[in-house]
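Throw the hints in and build the complete structure from the sequences for me.
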Amino acid sequence: MASSAHSQDAAPLTWRQVYILPTRYGGGLCLLLAAILLGAINYDNALAYLLCFLLGGLLLVTLIHTCHNLQGLALSGVTDKPAFAGTPANFVVHVSSDALRPRYSVTLARLSPARRAWWRRNHLDAVIEVPILKPLSAVALRVPTTRRGPLTLGRLHIESCFPLGLVRAWAYFDSSAHTIVYPRPAGTLPLPHHLAEGEEKGLGQTPGQDDFVNLDPYRPGDPLRAIHWPATARQDALVVKKFHSGSVEIQLRWSATHALSDSEARISQLTQWALSAERLGLCYSLELPTQSLPTGQGRTHCEKVLTLLAYYDSLV
Amino acid sequence: MGMEPISSGAAQTVLSRLLEAAGQVILDKHEVIKLAVTCLIAGGHLLLEDVPGVGKTTLAQTLARLSGLDFQRLQFTSDMLPADILGASIYHRDTQAFALHRGPIFTQVLLADEINRATPRAQSALLEAMEERQVTLDGATHPLPQPFFVIATQNPLEQIGTYPLPESQLDRFLMRLSLDYPGPQAERELLQGRARREMLVSMNPILDAVAFGQLQATVDRVHVADPLIDYLQALLARSRISSDIRHGLSPRAGIALLRAARTWSLLAGRGHCLPEDLQAVLPSVIGHRLTPRDTALSSTELVARLIASVPIP
Amino acid sequence: MTVSSDPITIGKTPITPEHGWWCLAGLGSALAPHAMRFAPPMWICFIALALWRMLGAYGVLPLPIRTHRLLWWLKQGLALATFGGIYLTHHGQIGRDAGVSLLSTLVGLKFLELERTRDFYVLTFLAYFLVLTNFFYAQSVPSAFYLLAVVTVITGGLIRFNTPRDQVTTGACLRLAARMMLQATPVMVTAFLLFPRIPGPLWGLPQDAFTHTTGLSDHMTLGEITRLGLSDEIAFQVEFDGAPPRAADRYWRGPVLWDTDGRSWHTHDFGSRVPNHPVRRLGVTYRYALLLEPTNERWLLGLDTVTDVGDNGHLGPDQTLWAPQPVKKQIRYALGSTLAVALNELSDAEYAAALALPPHAHPKTRALAESWQRSGGDPAASVTGALDFLRDNGFVYTLLPPAPIGDPIDDFLFRSRAGFCEHFAASFVVLMRSAGVPARVVTGYQGGDFNEISGHFVIRQRDAHAWAEVYLPRQGWTRVDPTSVVAPGRLSLGINAIADPRTALPMIEHNADALRAWREATDLWDAVNYQWSRWVLGYSGQRQLALIQHLGFQTANLQVLALSLLLSVCGIVGLMGIATLRSRAPTDPLVRHYALFCRKLARIGLPRAPQEGALAYAQRIIAIRPDLMDPVNYITRLYATLRYGNTRIAADLLESAVKRFRPRRVPPRLNRA
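Chains as they are written, first to last, in the working numbering: chain A, 1 to 316; chain B, 1 to 313; chain C, 1 to 673.
Wrong hints could be hidden among the right ones.
As the list claims (entries may be wrong) - Quick list of the computed label-pair ranges, beta carbon to beta carbon:
{"no.": "1", "chain 1": "B", "residue 1": "Glu131", "chain 2": "C", "residue 2": "Arg664", "range": "53 to 61 Å"}
{"no.": "2", "chain 1": "A", "residue 1": "Gly298", "chain 2": "B", "residue 2": "Ser202", "range": "47 to 55 Å"}
{"no.": "3", "chain 1": "C", "residue 1": "Thr185", "chain 2": "B", "residue 2": "Asp226", "range": "41 to 49 Å"}
To be verified - Counterexamples of contact, computed for chain B against chain C with all Cβ distances above 12 Å:
{"no.": "4", "residue": "Asp28"}
{"no.": "5", "residue": "Gly161"}
{"no.": "6", "residue": "Thr162"}
{"no.": "7", "residue": "Ala186"}
{"no.": "8", "residue": "Gln192"}
{"no.": "9", "residue": "Ala195"}
{"no.": "10", "residue": "Asp244"}
{"no.": "11", "residue": "Gly287"}
The set of hints was computed from the structure by calculation and includes no laboratory data. Every residue, glycine too, gets a C-beta built ideally from N, C-alpha and C.
This is how it looks when you write it as structure tokens:
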């Protein structure tokens, strides 16, 4: 189940999965020890020898302490929320520790997909300190987003330099959590007012129209005020208007953004329209060259629209 | 309710007889029958979600008959009013008074067929009565019989013109099961053999209300050890933070799980509950309580992932 | 439950004033012992810089960081000024003192610059280095413990820097530091014992490399030994092999002073002109080991006449023991001495030196001596005459003689008649020489206190003594101690009986019991210090060799030592790692036994998945390996009942069942019936 190299969900870190190296301060201490040792040899000073070996022993002991600080931690779940391109995506990482002892100065970060060199120390995004005082702690990793589309959390990097800062221990967690990055809403074009052959706010008197797209047969239990009396009178059967609180419908069409040349700008504009429509309580549908979504309203519908826009591949 | 519990061995004997008898009527669906019986003994309501014609009604009738309980079937329609379910006071001209007519809900096993065709108002009347185990008519409270079960059925495909139960109401059902099509052998037997209804009529009840009560009391005596509670809590905690699940399990779900698991242990003839029992009832008990984040995931898949990611302590 | 924090950068903890205080605590306590050794400007400078930084941290003063150009230049100027000052003070020599002053100034300036993480670590390492510098001045037990405490504080500062402030208290940091140092002790001791002692020094030592020494030197002026009479410092310590000689016989010979210019006496280098004279032993030889404090001189001390030198040096013609190098650190050597010897030979050069007196010096003394020579003529008679003179003329043996007027010897013998041993010895030798008897002044120590607890003698600077040796025709060189006629108790009872300068607390001076308790306490302390000096500070290459051979290795060369050191350290660290990092076995015995059962099955290729229940696992096993059905079923049922049921069957049934379970990898071949 869990590979030995990198820890997966809920498997606590064993000492084999923890990498340890001295930090540059550890290297500095080694230089100091060499200097003290030279002094001890030169002056044949017993206490100088003792000091050198005490500090050397301290360095060796801290290897164990730092490894022990990370050992036993496990990644026990990640929850995520979708985000818009340009704003950071929030991944809440739940870290559990198998023992009740507190751990200090543990940092969690995400390996940035650009895979920069580790010695340049900018290979990590979203570094955060994890206070591990309880068996289950949660931290929010704010992953920067630039492009729309799917975003995988990927590999997480957890490290600690406790207690002396001379040695760094780190380990990796693989997380399969992913979220969708919606396109950044932008654009200044006004909302399209393509109303379908239905009406605004109730009764419209368009003469010569017999088929009303927004009508349904009456079902017992439907609110009486939704009954469309003229149509009822005409059809001699109870007819209600479409069972939504708002009845204005607009269509968000790809073709309506032809004024913008860049396809990303067009996507952004559509996103902006969708959010405005949702805010105004309108019903809206989406029509893209390759896909479309029927009219709807509400949060789920909005999410569907945004997801479609996020995944849309304009190069098709 | 003050019934004497019996030994787990005796309980198992009786229950296996019940299962066997039910297996003769409903062919080839031993797991589902077992789960359905578990649901009943655990005192919870059952939701059967399936395409029409696979034997939902038959199952309900079988269970009722073999358990020796009163059975009533109620076909829900879209014009059903709460009064049709609960009952109403009807004016009798000759006595010049209102007489209370109890609705079909006053029975021990109620089959609420196609519950998703009723209006939300009718649905809520039924669900409230299920919860309270009593009905208030004209200001007077009438308790429902003991034991009382609702076996509701729902057709998952037919969404047009229906009012599917919302998630918050699904929670009231202990289990959600689906029968699915029978296997070829069973289907052959079904086509060739006796009609199920006749068969059912000719069978004798194996339990009665008293025995039923005793069995329920025995469930309460099934021992639950601390490690098992640890495992249950780990499952609940995991469901709340898993990235696949939108909302986690509530404590009510945990109580339901435990009760179902204990009943399952009893069916296996054990006096104590094991983690395997929890795992066995998990899909049916929480399948309808979890909402996946990724709508492509089926609830079976979701539950399987949950089980796989929680080690048994 | 969600915690959202601002993103941080790894490794960049901001420096708070509290970090500044911790740093200062470490540096200050490491420098504090030096404050007593150096002139005030050094530590005043440091305090001023530290104060500037801390006030800057609280916003009271501006700090000389790069944005404050003027102050930055001021700081650079200050640095140059102090370096220049140090250079001038030590006359351009970079010795121990100069180095420490320089370091403390550097540390102060660096502390002023404390801004980033890197600065904090650099200062911590400098603090450790400052602790080291203390060891070049004092290695006693109290200073060792004090500096251990300082190292703990410095380490605590590091821990504080790496833990969040609101989660860990100061006390917890210090406790962790102490615990880590305790854990580091086995490695420290092993490395100390096994690290090869490379004979140093690797490069030239500065002049002032070692502890400033007090004590005897190769010249003496009247009054010097008197000054030593007030010093409590240990000169050397002796352990006898067998019964020691009595107090009056414990003369410890040091430099022999031949030449005088009227005011001071010097040793005489005979060079190769005078051969060593044979020594005839007339009495019992005492064997002893002497632990000598550093003197920075080449002569070694020995009991009376050293007859068995070993390889510790060589004897000069006047029976002075010379070491090949000046004694710059504590050394221990074993000798054999005889009290009664015959040294009868005298060369011409020695004869001449033993009679030389500066012309026109000590007129009255000479006149007196010549009067004896005229009256008697026998050297022995001159000796007795001089001793009688000293005994009968009201001479006083005191640590506080009056200042001499005119010729010191004449003044002592005829006017003041009060002095210490060197006065008596010097004037006696002058008398002898004036009377024609070859004589020389011998300086050294006399007596010594016996420490009951450790069984050795402690000879302090206040036991310093001077006496004379005269050459008589038949006996050869004979010791004559003029002090004995004036203050006989000095020899038998020690200086304490005569003029006890040993510091005792005023309040217990008159309480005999308290005084005794005080003496015992000081003796115990001396014993501790003696063992410390012997075993820790004196751990040399030879001791190491002995240890290695004791452990069984025949040859103890560099490879053996290095290898054993490496292996031991790895072994110790490995053991500690295993003890800490090993995954904790579950403490519940049931779970442990079942886990063992699962491990046994995993070894033959049938591991249990973490989410698999016991029964499900058993069923799976049996499906694959029906031959294991019985034991697996039994164990699983037992475990399930014990863990999840509430029966009372004995838990060790499970233990024994699991222990008996030995699944074979390959199922046994079924008998084809």
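How the hints compare with the structure:
Evaluation of the 53 to 61 Å hint for Glu131 (chain B) and Arg664 (chain C) yields a pass: the beta carbon distance comes to about 58 Å. Separated by about 53 Å at the C-beta atoms, Gly298 (chain A) and Ser202 (chain B) satisfy the suggested range of 47 to 55 Å. For the pair Thr185 (chain C) and Asp226 (chain B), the beta carbons lie near 42 Å from each other, so the given range of 41 to 49 Å is met. Once the 12 Å rule is applied to beta carbons, Asp28 (chain B) is consistent with being away from chain C; the minimum gap is 22 Å.
No beta-carbon of chain C is positioned within 12 Å of the beta-carbon of Gly161 (chain B); the least distance is around 42 Å. Here Thr162 (chain B) stays apart from chain C, with its beta-carbon at least about 37 Å from theirs, past the 12 Å limit. In this structure Ala186 (chain B) is separated from chain C by more than 12 Å, as the shortest Cβ-Cβ distance comes to about 25 Å. Taking the minimum C-beta to C-beta distance to chain C, about 34 Å, the non-interface status of Gln192 (chain B) holds against the 12 Å cut.
Ala195 (chain B), annotated as away from the interface, keeps every beta carbon of chain C farther than 12 Å; the closest lies near 38 Å. Consistency note on Asp244 (chain B): stated as away from chain C, and its beta-carbon is indeed over 12 Å from all of that chain's, at 16 Å minimum. Consistency note on Gly287 (chain B): stated as away from chain C, and its beta-carbon is indeed over 12 Å from all of that chain's, at 18 Å minimum.
Of the numbered hints given earlier, the model fails none.
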